[in-house]
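Asker: Take a look at the letters that make up each chain.
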Amino acid sequence: MATPDVVDWDAIIRDPRFQALHRRKSLFLWGLMAISVFYYFLLPIGAAYYQDLFKIRVWGPINFGLVFALSEFIVAWAIALIYSRRASRDFDKMAAEIAAEFGLKTKGTGA
Amino acid sequence: MTPTTRKWSIIGACAAVPLVATPALAQAAGVEDKYRWLTFTIFAVVIGITMFVTYLAAKRVRSASDFYTAGGGVSGLQNGWAIAGDYLSAASFLGIAGLISLYGYDGFMYSVGWLVAYISVLLLIAEPCRNIGRYTLSDILAYRNDPKKVRIVGALSTITVSTFYLTAQMVGGGVLVKTLIGINYETSVVAVGVLMLLYVIFGGMVATTWVQIIKAVLLVAASIVIVVLVWAPYGFSLPGFLTDVVGDPRVQARVATLLGDPAKSMTAAELGQRFLEPGLYFKAPIDQISLGMALVFGTAGLPHILMRFFTVRTAVQARRSVVWAMIIIGGFYVMTLFLGFGAAHLVGSANIAGVDAGGNMAGPLLAQYIGGGPDSFLGNFMLAFVSAVAFATIVAVVAGLVLASASAMAHDLFVGVIRAGKETTARGQVVAARVATLIVGAMSIAIGIAAKGQNVAVLVGLAFAVAASANFPCVLLTLYWKRCNTGGIVTGMLVGTIAAVGLTLVSPNLTYPLAVKAAAHKVLDAAPAKRIAAVEATASADPAVAAKASKDVIALDKAVAKANADLTKWGNETTSFMGLEKPLFDLKNPGLISIPLGFLGVILGSLFMRDKRAEQMWNEVYARQNTGLLVSKSVAL
Numbered sequence: 028m029a030t031p032d033v034v035d036w037d038a039i040i041r042d043p044r045f046q047a048l049h050r051r052k053s054l055f056l057w058g059l060m061a062i063s064v065f066y067y068f069l070l071p072i073g074a075a076y077y078q079d080l081f082k083i084r085v086w087g088p089i090n091f092g093l094v095f096a097l098s099e100f101i102v103a104w105a106i107a108l109i110y111s112r113r114a115s116r117d118f119d120k121m122a123a124e125i126a127a128e129f130g131l132k133t134k135g136t137g138a
Numbered sequence: 140m141t142p143t144t145r146k147w148s149i150i151g152a153c154a155a156v157p158l159v160a161t162p163a164l165a166q167a168a169g170v171e172d173k174y175r176w177l178t179f180t181i182f183a184v185v186i187g188i189t190m191f192v193t194y195l196a197a198k199r200v201r202s203a204s205d206f207y208t209a210g211g212g213v214s215g216l217q218n219g220w221a222i223a224g225d226y227l228s229a230a231s232f233l234g235i236a237g238l239i240s241l242y243g244y245d246g247f248m249y250s251v252g253w254l255v256a257y258i259s260v261l262l263l264i265a266e267p268c269r270n271i272g273r274y275t276l277s278d279i280l281a282y283r284n285d286p287k288k289v290r291i292v293g294a295l296s297t298i299t300v301s302t303f304y305l306t307a308q309m310v311g312g313g314v315l316v317k318t319l320i321g322i323n324y325e326t327s328v329v330a331v332g333v334l335m336l337l338y339v340i341f342g343g344m345v346a347t348t349w350v351q352i353i354k355a356v357l358l359v360a361a362s363i364v365i366v367v368l369v370w371a372p373y374g375f376s377l378p379g380f381l382t383d384v385v386g387d388p389r390v391q392a393r394v395a396t397l398l399g400d401p402a403k404s405m406t407a408a409e410l411g412q413r414f415l416e417p418g419l420y421f422k423a424p425i426d427q428i429s430l431g432m433a434l435v436f437g438t439a440g441l442p443h444i445l446m447r448f449f450t451v452r453t454a455v456q457a458r459r460s461v462v463w464a465m466i467i468i469g470g471f472y473v474m475t476l477f478l479g480f481g482a483a484h485l486v487g488s489a490n491i492a493g494v495d496a497g498g499n500m501a502g503p504l505l506a507q508y509i510g511g512g513p514d515s516f517l518g519n520f521m522l523a524f525v526s527a528v529a530f531a532t533i534v535a536v537v538a539g540l541v542l543a544s545a546s547a548m549a550h551d552l553f554v555g556v557i558r559a560g561k562e563t564t565a566r567g568q569v570v571a572a573r574v575a576t577l578i579v580g581a582m583s584i585a586i587g588i589a590a591k592g593q594n595v596a597v598l599v600g601l602a603f604a605v606a607a608s609a610n611f612p613c614v615l616l617t618l619y620w621k622r623c624n625t626g627g628i629v630t631g632m633l634v635g636t637i638a639a640v641g642l643t644l645v646s647p648n649l650t651y652p653l654a655v656k657a658a659a660h661k662v663l664d665a666a667p668a669k670r671i672a673a674v675e676a677t678a679s680a681d682p683a684v685a686a687k688a689s690k691d692v693i694a695l696d697k698a699v700a701k702a703n704a705d706l707t708k709w710g711n712e713t714t715s716f717m718g719l720e721k722p723l724f725d726l727k728n729p730g731l732i733s734i735p736l737g738f739l740g741v742i743l744g745s746l747f748m749r750d751k752r753a754e755q756m757w758n759e760v761y762a763r764q765n766t767g768l769l770v771s772k773s774v775a776l
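Chains as they are written, first to last, in our numbering: chain A, 28 to 138; chain B, 140 to 776.
Take the hints with a grain of salt, since some may be wrong.
[Said to hold, decoys possible] Taking lysine to any residue and the SDA-like style, the derived pairs with C-alpha atoms no more than 25 Å apart in a straight line are:
no. : chain 1 : residue 1 : chain 2 : residue 2
1   : B       : Lys721    : B       : Leu663
2   : A       : Lys82     : B       : Pro401
3   : B       : Lys751    : A       : Arg41
4   : B       : Lys621    : A       : Leu54
[Stated by the list, open to error] Simulated coverage check for chain B against chain A, where a stretch passes if three residues somewhere in it have a Cβ under 8 Å from a Cβ of chain A:
no. : region
5   : 460-467
6   : 499-506
7   : 650-664
8   : 746-752
Just so you know, these hints were derived from the structure itself, not from any lab. All values derive from a computational prediction rather than experimental measurement. No residue lacks a Cβ here, since even glycine has one placed at the ideal position from N, Cα and C.
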């Protein structure tokens, strides 16, 4: 797998554009990840320990618990769409710029 | 078989996680005999289409890349449908609708974790894996580590996870097919196995992908039709629909059965509403949290799901695949709300549990009801169609699992370890892959037949637990932690797998003869008095009371017979399979403990066995996983 190649990976890592990509992407990814895990575990925790809240009826027989479970779907989809829009607007472009420059250099200096 | 000859019985005590059909099937719920030609016609059409696709695909399989990853030529949208087809196994397709029909709210809550799981896949795993991986999970792990060592542990873990999952699918599939079309269990297992082998051996990943896409489209289409028919009479009003569900005396009776004594002080309306409240299925909250962890982190470590990201060309397409998969899978789970509650209301929970204690027949029975019932042409057509979709589901999921195992065997163990350093031709690699597929497929048929009648439901949970405790920490840390190295991966894989399997072996999932015998004695002690009371009530002037009482007598006699059978079966045995009198560990799913242990294994292993090379290569891994540079190389190779 690890065939020797001529891309200067250390230079990419040092590149300020890569550093910027790394910072913005990490913060965004792990932030969204934390939100989604936190929001998901509210459901089983709520269902177990806050049953009185989950039983409150809000619309006909529909109770808060059911609304909350449905909101999990909305939140999951929203996170997917937010990430996907942000990635295709920002991260892809930044990565493509870096790849283009270092990929070109590879071709230029390669044997 | 006519409906009048069916003896409905409630086997409510059999509340094993109904991920797969429970073996205690009372009788076939299949299409009426005079309509069986219909079943065979629909099956023939579905199988015919998939065979035609396989025939087309077979011509395109020339290299290992074609066989394992469809040559990287799958689009994001196609891959999204294929992931949905791979993931919506019989477990989630039939199991969750069944769980909702039997336990109401808890069933729906259970489905949420299966969707949220894809967030970790989307954010952390899919794109980096596409950027640095090639065919298998171990390719990612081998990138900056000792390839031989990590390929061995990675392949073992892949085969372990896939075999657990596969066994559950084969046994569940065998029982389902037997129930739905009335052929015997062994024939069902062999039919599933042989069909799957034809797809995979000849068509490799191309055929597997298309079988999964076709199956997912059929599944979603069938579900939409049923949901529309169930919901339309209420003018698509959710409160209107649910008001009818909670007002149904059969739903109220089901809740009363589940609750036991506390139900006596509740009004009918309260009982009905209780069906929409948590706590009918999950008794110990910590179990639900532990299972949630295994689902949310385990999906990102399932080898057959990871493998799907190598079938697309770029990280952007990998991302699109997950987003599409989330839309399809989430949409399907929202529909299970209507399938499950609709079945509880229209078919009746007790009737569903009577056919299959795990509730797996909820969807098919609802389809039959919606079409006009067991005596109508349309009812039988709908049932036959849903049965064909269920069959296609099992075959498609099994195909994905076998392909993942075979790739670990052929690509990691044979080409990567046994023939390491030697040149293996493209043709040789494809031959190795096909031979490995044949071995894994034959094994899966043998395991399916050997495990007949076993309660294999626990195995799906275990597959997710091993994936979450072994594969997920290793993949995540090799992608995101500089210090991660060979020592860490080997330690983490072993610790995670041993912890997940070991804790399950000493958990309440196994049968403990002392507990079984104590329960049997309790039933037998209480039975005489209960029977006298029930027999007296059968003479009641109120026909409803009398009818209920005679049902109670039958149920009681059954319970007594079962208790006696249990006592005979367990005789003088006092310990479980592991030699324990009672569980050492209370959690049904080990995730809560084994996932942190797996992470700890990778971290400590890496720190104690420092490896300069892995750290030097970190820049390369990190730059590549973020930029996708040279990804064309890994696709082309």
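Asker: Which of the stated hints cannot be reconciled with the structure, identified by number in ascending sequence?
Answerer: 6, 7 and 8
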